[in-house]
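Asks: What follows is the residue order along each chain.
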Amino acid sequence: MIGQLHSSRVYSTEGVSEMDNESVEVFSTEFWQAFAPEMVLVIGLALVFIVPNLGNSKFRIPLTKVQVPWFLGGRRFKITGSPAIPGILATATLFTALGMMIIETIDGDMASTTVTSGDIVLLQIDNFSRFFEIIFLAAVLLASMASLDRIPAHTFSGKKSLDEMYDNRRQADFYILMLTTALGMSTVALAQDLFVLFIGLELASLATYVLVGFHKESKSGAEAGVKYFIVGSVASGIGLYGLSLLYLEFGSLQLTTLAANWDDGSILGTIALGLVLVGFGFKVSAAPFHFAAPDAYAGANSPVAGVLATASKAMGMIGLIRVLLVVALPDSQTDGSAVWLYTLATLSVVTMTWGNLAALGSTNPKRMLAYSSVAHAGYMMAALTAVGAWKWGEVDAPADYAEAIVAAVLFHLCVLVAFKLGAFLVLGLLEMEGGASRLSALSGLARRDPLIGTAMFIFMLALAGVPPLAGFMSKFLVVAGIVSASVGELSTNGSVSFSDIHWIWWLALAMFLNSAISVFYYLRIGVVMFLDTPEEGRRKPLPHGASIRMAIWICLVATIILGLSGDTLIDMCYRAAESLNLA
Amino acid sequence: MGSNQSLDIKNKEFMLVGGLLVVVAGLMAFFPTLDDSGTTDWISIPLVGFPIVVSCILLAFASQESRDRKEIIAVPIRLFTLCAYLVPRAISTALFFDWLILVDWDLMYNEYALEKEYLWIESIGASWHVGMDGLSFPMVWLTTFLVPVTIIMTWEEKDGATYHPLLLMMGGALIGVFVALDLFLFYVFWELTLIPMFFLILKWGGKDRRYAAQKFFIYTFCASVIMLLGLITLYFLQPESTGSGYGTVTGRTCDMTVLFSNANAKNMGDSVFLGKDMQNILFAMLMLGFLVKLPAVPFHTWLPDAHVQAPTGGSMLLAGVMLKMGAYGMLRIPIAILPDALVFYQDIIMAIGLISLVWGAVVCLGQTNLKRMVAYSSVSHMGVILLGIASMQPIGYAAALFMMFAHGIISPMLFAVCGAFKHHYHSMEIGSMRGMAKWSPFLAVYMMFAWMASLGLPLLAGFVAEFMVLIAYWPEYGWWILLPGFVLAITAGYYLWSMQRTIFEGGDEGHPPESLNGETPPDITLPENIGMIILAIFTVIFGIFPFIALGMMDDWTVALFEGVFNRGGI
Chain F
1 MIGQLHSSRV
11 YSTEGVSEMD
21 NESVEVFSTE
31 FWQAFAPEMV
41 LVIGLALVFI
51 VPNLGNSKFR
61 IPLTKVQVPW
71 FLGGRRFKIT
81 GSPAIPGILA
91 TATLFTALGM
101 MIIETIDGDM
111 ASTTVTSGDI
121 VLLQIDNFSR
131 FFEIIFLAAV
141 LLASMASLDR
151 IPAHTFSGKK
161 SLDEMYDNRR
171 QADFYILMLT
181 TALGMSTVAL
191 AQDLFVLFIG
201 LELASLATYV
211 LVGFHKESKS
221 GAEAGVKYFI
231 VGSVASGIGL
241 YGLSLLYLEF
251 GSLQLTTLAA
261 NWDDGSILGT
271 IALGLVLVGF
281 GFKVSAAPFH
291 FAAPDAYAGA
301 NSPVAGVLAT
311 ASKAMGMIGL
321 IRVLLVVALP
331 DSQTDGSAVW
341 LYTLATLSVV
351 TMTWGNLAAL
361 GSTNPKRMLA
371 YSSVAHAGYM
381 MAALTAVGAW
391 KWGEVDAPAD
401 YAEAIVAAVL
411 FHLCVLVAFK
421 LGAFLVLGLL
431 EMEGGASRLS
441 ALSGLARRDP
451 LIGTAMFIFM
461 LALAGVPPLA
471 GFMSKFLVVA
481 GIVSASVGEL
491 STNGSVSFSD
501 IHWIWWLALA
511 MFLNSAISVF
521 YYLRIGVVMF
531 LDTPEEGRRK
541 PLPHGASIRM
551 AIWICLVATI
561 ILGLSGDTLI
571 DMCYRAAESL
581 NLA
Chain R
1 MGSNQSLDIK
11 NKEFMLVGGL
21 LVVVAGLMAF
31 FPTLDDSGTT
41 DWISIPLVGF
51 PIVVSCILLA
61 FASQESRDRK
71 EIIAVPIRLF
81 TLCAYLVPRA
91 ISTALFFDWL
101 ILVDWDLMYN
111 EYALEKEYLW
121 IESIGASWHV
131 GMDGLSFPMV
141 WLTTFLVPVT
151 IIMTWEEKDG
161 ATYHPLLLMM
171 GGALIGVFVA
181 LDLFLFYVFW
191 ELTLIPMFFL
201 ILKWGGKDRR
211 YAAQKFFIYT
221 FCASVIMLLG
231 LITLYFLQPE
241 STGSGYGTVT
251 GRTCDMTVLF
261 SNANAKNMGD
271 SVFLGKDMQN
281 ILFAMLMLGF
291 LVKLPAVPFH
301 TWLPDAHVQA
311 PTGGSMLLAG
321 VMLKMGAYGM
331 LRIPIAILPD
341 ALVFYQDIIM
351 AIGLISLVWG
361 AVVCLGQTNL
371 KRMVAYSSVS
381 HMGVILLGIA
391 SMQPIGYAAA
401 LFMMFAHGII
411 SPMLFAVCGA
421 FKHHYHSMEI
431 GSMRGMAKWS
441 PFLAVYMMFA
451 WMASLGLPLL
461 AGFVAEFMVL
471 IAYWPEYGWW
481 ILLPGFVLAI
491 TAGYYLWSMQ
501 RTIFEGGDEG
511 HPPESLNGET
521 PPDITLPENI
531 GMIILAIFTV
541 IFGIFPFIAL
551 GMMDDWTVAL
561 FEGVFNRGGI
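Residue numbers (the working numbering), protein chains in the order written: chain F, 1 to 583; chain R, 1 to 570.
Just chain F, with the same shape it has in the complex:
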């Protein structure tokens, strides 16, 4: 298998594979064909704008009495004007686009397509970008399925309550924002130019700022939205300043140009790199840029918080991978100065420890999940450090080691959508009957609804990394990647000394010690669900919510299946990592 995967690879000097690479001009015919899934998203977005506004309005041709039906505005048609329409449209759009992408990527022989405008490479469709788009669309799709019940569309039979009217008026806005998030994130995945990447990042971010503060009548929602917006825009501003410095130094923001010209000795470049990392560090919620995350997650409604914890984190991770692994790695294995290696190693250990310790002390399940997502960011940064150690020639190992590590990070990001989003969706189900911001909201859940309680417990075990669930598999792959990079080719000589093993091995130990700490707070949820008696007023069965439950079951099945046999996904991750051309 490995030989087969490698045989198709040809390295060019610029770091872009010329094999199977088709270059199309922007807005040409091939362009539309290649971007069919994204076009589905755009069309879906337009439909969500248009369809609810279809009505019987007519347009009178001036000076005549001829009235031409115009259909936009006027008295809305009963079918298209139904408040349920935007949600259904958005879900169907996301589902279609996701299906198209999965069909395109899953068999693995996808050619990469580059979109150029003149000399400038704007976007590139390859296994890597498609893989991330699948993560984004899957997360947003599950969240919008859940939102069909979480923010339900009501059909009024009799008296209207204020809440119901709020819910109905918001339908179109909410799903427009969801689709915009998906589109922005897709742009980030596709971008080959840091400026395009930044535009996509902002498109997605602005939509998520609004989504976080979507429940503006609740105090915590509004506060969370404002806080997230302020901190987020400061981080973006710093990142943008970093980009401008990069441009100053290299005269281009093209990834290939930057990668080819990157010079470890450049002071301006190093400063710019640091500033750009602040912007992406905020997105992955890495310490010390994570302070807004717990507030934002706790204030947002749970499906949205789930998107922040999975898709938004993956988006930041693309930035980190692009900047750190594509741009700021030396072109060949040298003994050059490892610019960001020690910084990132320190940050990763600080991030995972901080996240876990803070999660220990939080009694709000959403804050707890937010801190646990900080810890998970730390795990992934540790893996990126291992790639750096390989590339700076500190470890003697072939290129597929680095690709295996990146593949592990991608696998982790992908399965996070299953169990982290799943956990948020369970909280979303609880929110439907009155809040999930206290630990006691979960008490007795296993007695009230054994299947949901068990699902939540399985999500918790997966987050903690208990086999045979997907969380274990991903943690195993990440640690295996780090250990393999630290051990390198030592196995070929018979005798090994422990001091020969590279220091990144200790990152693996830190990861495992941290996941041992994390078991404390994940188990606490299980204990509360299985042992405590339900709160006063929450003794009845949980609300029905067919589609949110469906989303939870999908997450549950994925958590179990990807743990028991993740081969297909691992292969996809590996191909995606390969198309980065790290070597």
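Watch out, some of these pointers could steer you wrong.
[As the list claims (entries may be wrong)] Calculated lysine-lysine pairs in the DSS-like style (CA-CA distance at most 25 Å, straight line):
(1) K438/R with K422/R
(2) K438/R with K540/F
(3) K540/F with K70/R
Calculated directly from the structure, the hints in this document are not laboratory data.
Given the coordinates of chain F, work out where chain R should sit on it, guided by the hints.
Replies: Quick look at chain R alone, frame taken from chain F:
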């Protein structure tokens, strides 16, 4: 007993049991011959997959029922659980007596009977690889023996509709640990055993069950992840290769047999697999996981809490089989592949074993809680296993194996007695009552028997193991032997003392505990009686005819010494 309720089986329960029987029959008929080669796979489905799948189905069914219905369906469910577990029980016995197929248990080192391998996660080279040898088969047999006995013993446990399926799941997962010949599979089952036990303690435990269950889970999980890091490092230190069984992404294999033969090939003459330095580090990491599970002082603190809070059935399986996972893991992985590190750490292991032995016994003397005392006595007996390992004598290893086996029969009986005590007297305090023999003659007899077996009375199973360990200990450590010898006397001391106080003192009237509020204490029930007498009978059988099990263990030990230790270097 709920006999009046068992008549109340309505259509639904009937369909439940009937439907499950059909599922089971289908599984049994179809899966054992899944293999291409035409040989029957007696391990994967009948011993491991079947109990776990059935218990999941039963749990899913039971969880959907209301509280009242649960009481009613508890009867068919526990009957079915017992019947279902008789399948692995029958198969393991049949394999021992060669009823199904002729199995040659006299194997070379790194040879396995009934070995089967199916590709599983190809990207990391993990496969479903199972097999048994003289080390694992006695443990498998012990598990299949203990689980039905435990189900019978705790027949009347409350909320039986979920309790008994959890025991069934334990039974499958524990066997999985013993038969796994793949590092990944081994670790999966190693952790899987935690989950049913966590729930057994959490839902059926005593007053502090919340604390005990979490402590149990977290403590052993922490140690396991260190062990896992050791395993992963070991995995990557093997030479890279391609081909069947090797990971497509990692280029290594999780297969234990390949690891063993690699290590064995390198551990020849003066050459050392991975070098001494690396061996020592890896040995320490792996042993940490196993020592916590064993448990050995100073990693034993989770055990008394877990035992005291766990329900009777949980304690029986915890002491009977789960502790043995630690000893099994040690013998299976680190000792077999890192023999030079074993020599390096020999004195430390001896010291840990000795300290566990002494510490456990001394702490026992001070216990007022019956179950806590028994729990510490387990720590003490596990020290004996470490002594056997540290002796580096074949007889010491055989003794350690037999100790695992014997303790696996005796300690469940100890906990069964404690459970019955708690059940009928609502108290565990040794000092709270006198003259138990008057009201509960059966319980008194079993208690006396179990206590005697545990303190090592000749002709009972425990004696054989302890005696053999002492024989092995002498040539290596000489007069230090007085210390374990003396501790065995302390053991006799605390057992006899607790027995004297609870069973005999108090004159003709006795002195029932206050927790009974003046009621007359009852004797044990029929299921408890059946369970305990089975355990007692096997204690005697293996005491008088130890060679039934010991023969196989001897063969394995000889193979280990020939295969691993005998290379001129040591």
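Asks: Does each hint hold? Answer for all of them.
Replies: Against the structure, the hints:
Restraint check for K438/R and K422/R: the C-alpha separation of about 17 Å stays at or below 25 Å, so the hint holds. For the proposed pair K438/R and K540/F, the alpha carbon gap of about 50 Å is over 25 Å, so the pair is violated. Straight-line distance between C-alpha atoms of K540/F and K70/R comes to about 18 Å, which keeps the hinted pair within the 25 Å bound.
Violated hints amount to a single one, hint 2; each of the other numbered hints is respected by the structure.
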